Amino acid sequence: MRQQPSNQISRKGLTVWRLYGTIQSVIILAIAVGLGFLSYFFEWPIWIMIVVTVIVLLYAFLSIYLFPKISWQRWRYEVREAEIELQHGLFIVNRTLIPMVRVQHVDTAEGPILRKYGLASITISTAATTHSIPALVTEEADELRNRISTFARVAKDDV
Amino acid sequence: MSEPHYKLHWISAVVETAKALKDLIGPFVILVFVNGFKGESTAPWYIQYWSLILFGVLLIFTLVSGIVKWRRFDYWFEDQELRIVSGLFIRKKRYIPFDRIQSLDYTEGIFHRPFQLVKVKIETAGSSSGKDAEAELTAITKEAAQQIEKEIKQSKKMKVIGPKPALFDQIEWQLIREPEEEVQIAQQPAPVVFSMTTKDLLMLATTSGGIGVILSGAIVFLSQIEELIPYDWLFGELKSFIRIGIFVIAALVALGFLIVWLLSIAMTFLANYDFKVMREKDDLVITRGLLEKKRVTVPLKRVQNITIIENPIRQLFGYGAVIINSAGGVGEGSRIKLFPLAKRNRIVEPLQELFPTIDFSEPIEKIGGRGKRFYYRFKLLVTLIAIAVVSYNFFPYGLLMLLLLPLVGLHGIWQYKTAAYTILPKQLTMRFRIVSRQTVFTEKNRIQSMELDQNYFHRRKKVATITANVKSGMTLDAPAIRHMSQEDAEKFLSWYEYHPESTESQTEPDN
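Chains Z and D, in that order, are what the protein sequence lines are.
Start counting the first sequence at 1; every next residue gets the next number (our numbering).
Start counting the second sequence at 1; every next residue gets the next number (our numbering).
Think of the hints as simulated: they come from the structure by calculation, not from any bench.
Predicted model only: the values in this text are computed from it and were never measured.
Beta carbons are placed, not taken as given, at the ideal position from N, Cα and C, and that holds for glycine.
Wrong hints could be hidden among the right ones.
[What the hints assert, rightly or not] Estimated spans, in silico, between C-beta atoms of each pair:
(1) D:Lys19 / Z:Ser132: 38 to 44 Å
(2) D:Ile434 / Z:Leu57: 53 to 59 Å
(3) Z:Asp107 / D:Ala388: 46 to 52 Å
[To be verified] Restricting the straight-line Cα-Cα distance to at most 25 Å, the calculated cross-link-like pairs of lysine-lysine (PhoX-like) are:
(4) D:Lys462 / Z:Lys69
(5) Z:Lys69 / D:Lys142
(6) D:Lys372 / D:Lys491
(7) Z:Lys116 / Z:Lys12
(8) D:Lys366 / D:Lys462
(9) D:Lys462 / D:Lys491
[To be verified] Covered by chain D, per the in silico footprint, the following chain Z stretches (three or more residues, Cβ under 8 Å):
(10) 24–34
(11) 122–130
All chains, please: the whole structure from these sequences, using the hints.
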């Protein structure tokens, strides 16, 4: 059995994902309420509202509680001298190995919500693919970006 | 600053116009149909035919713009750069340093041939737009093309000393270069590594996939025609001929298919006629075509991986095709047919000559029985659902769909049996199939990243899928071996990982 990558992403990342899930659920809820009014005025059969309610509850449960929890627990990364290893996924667990020599550039980005929690995401680009780590403490992300770009410069390019 | 400026040959105006006209054919046909069957009308002729008149204006505009494009296009060589100025109102200037030019691709179309002209496509390392080649000279004489090549070659022999002011009292900067020591290159024609025999060519033409494209085009066309022919009226009027009519239609359709097929054979034949692969120093040169001659150059060091593709029919006859992924080029330009078709035993030798560092032996490791069920279980489930739906709706006859089940299952097992791999110290060989069998040879240092994927069921059975991402033009090529045992999949990752002790001691044993 291969070892999992050692580092987990920030605990606050889970909070942010829950927040995203909540926002989405609120939007779904708003649509459901709209449907509720329609079904009241047009006297639609009652089962439509039951189905809609179940969908909203299920969506909220999955997007606020279950999915963020699973993804967060699964998210692992490790930056070694010669390569970066990532592990993530909800239904499909994906493990990616990116050698430092292949790294073309590294970006960090922070949206309004991420910044509020002092987080940033990191994007690692090779010539053909891009990979990202979604939520790291900003200082850690900056440090990681610098470290990767230093390693990437040191590693001998043989393409 | 007074370098001679060159113009394209006037035939480029014709080529540009012809290209634009080709795009106008569709709308024109529609216009004729719409206008032609309107019947009698009392409106004045210019109202009756306004659309055709509009079209005429458009036609004249196209002609004029073709000529303008040609007249307002200049290119010249200056300061180790190819410089191009084009456009009527907006003068577009493009300077391409010779150092950045990766390859020149030549095409000789039917307009070019009588005048000894070529179309030159100039590609650079990072085609910035990701859409077009860096520059295109629509029609120049062969001597002019040779001159470009000569200029580029000469500049590449120069060594850049650094940017310096051109004259000490001028602010303008220029690169100062000095000639490097001359490397004597024997001027002899490049050796032909691969060429297609007429037999191969015929085999290619008759089994080509192009037939599918043309057939579907024909079907779309026929379905359009159907709406124009008043079948009801026809059948009502010619009741007695119905039986014969059906026969005639069937015969016509069959004839149509035959013609389409022959057409596709002819097209493939013309496009690949005299197919040759040559090696010029560090470049791969591919030439082909009878009516339109094409010459494509691929720098060998940009080749990312090599795939041997054998579709089932060709595999049966021992034939295969070779495709290479290049880091340069855009769109289709990055997936290049190196050998369109050749006997399997004639493939390896020329490949070995072109890529001496790659081992082209067959992959030998099988993926293990644990993954077998994943190749058919899910597909069978999906098929069963489809069969259930169809059978419910078309009761007795829908059950015929059950025949699909063994086919789907066998296809899965077939895929499972094909999957194989070999891990060499510096190379990965992967074999898999969807329908055609693909064998991909990739050098370790061409793999951009490697992925191991496992879904829920995979994890329970300790099975995984391995993907090796490789650059192909602006995008990526991602060959994958699916559902192999987890231990084997992890071997791929371990192999791909950096091992300081082994790489240091491993100093080019292949040289």
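Hints and how they fare:
{"no.": "1", "hint": "D:Lys19 / Z:Ser132: 38 to 44 Å", "in the structure": "holds (42 Å)"}
{"no.": "2", "hint": "D:Ile434 / Z:Leu57: 53 to 59 Å", "in the structure": "violated (41 Å)"}
{"no.": "3", "hint": "Z:Asp107 / D:Ala388: 46 to 52 Å", "in the structure": "holds (49 Å)"}
{"no.": "4", "hint": "D:Lys462 / Z:Lys69", "in the structure": "holds (23 Å)"}
{"no.": "5", "hint": "Z:Lys69 / D:Lys142", "in the structure": "violated (66 Å)"}
{"no.": "6", "hint": "D:Lys372 / D:Lys491", "in the structure": "holds (19 Å)"}
{"no.": "7", "hint": "Z:Lys116 / Z:Lys12", "in the structure": "holds (11 Å)"}
{"no.": "8", "hint": "D:Lys366 / D:Lys462", "in the structure": "holds (16 Å)"}
{"no.": "9", "hint": "D:Lys462 / D:Lys491", "in the structure": "holds (14 Å)"}
{"no.": "10", "hint": "24–34", "in the structure": "violated (count 0)"}
{"no.": "11", "hint": "122–130", "in the structure": "holds (count 4)"}
In summary, the structure is inconsistent with hints 2, 5 and 10 from the numbered list given earlier, while agreeing with the others.
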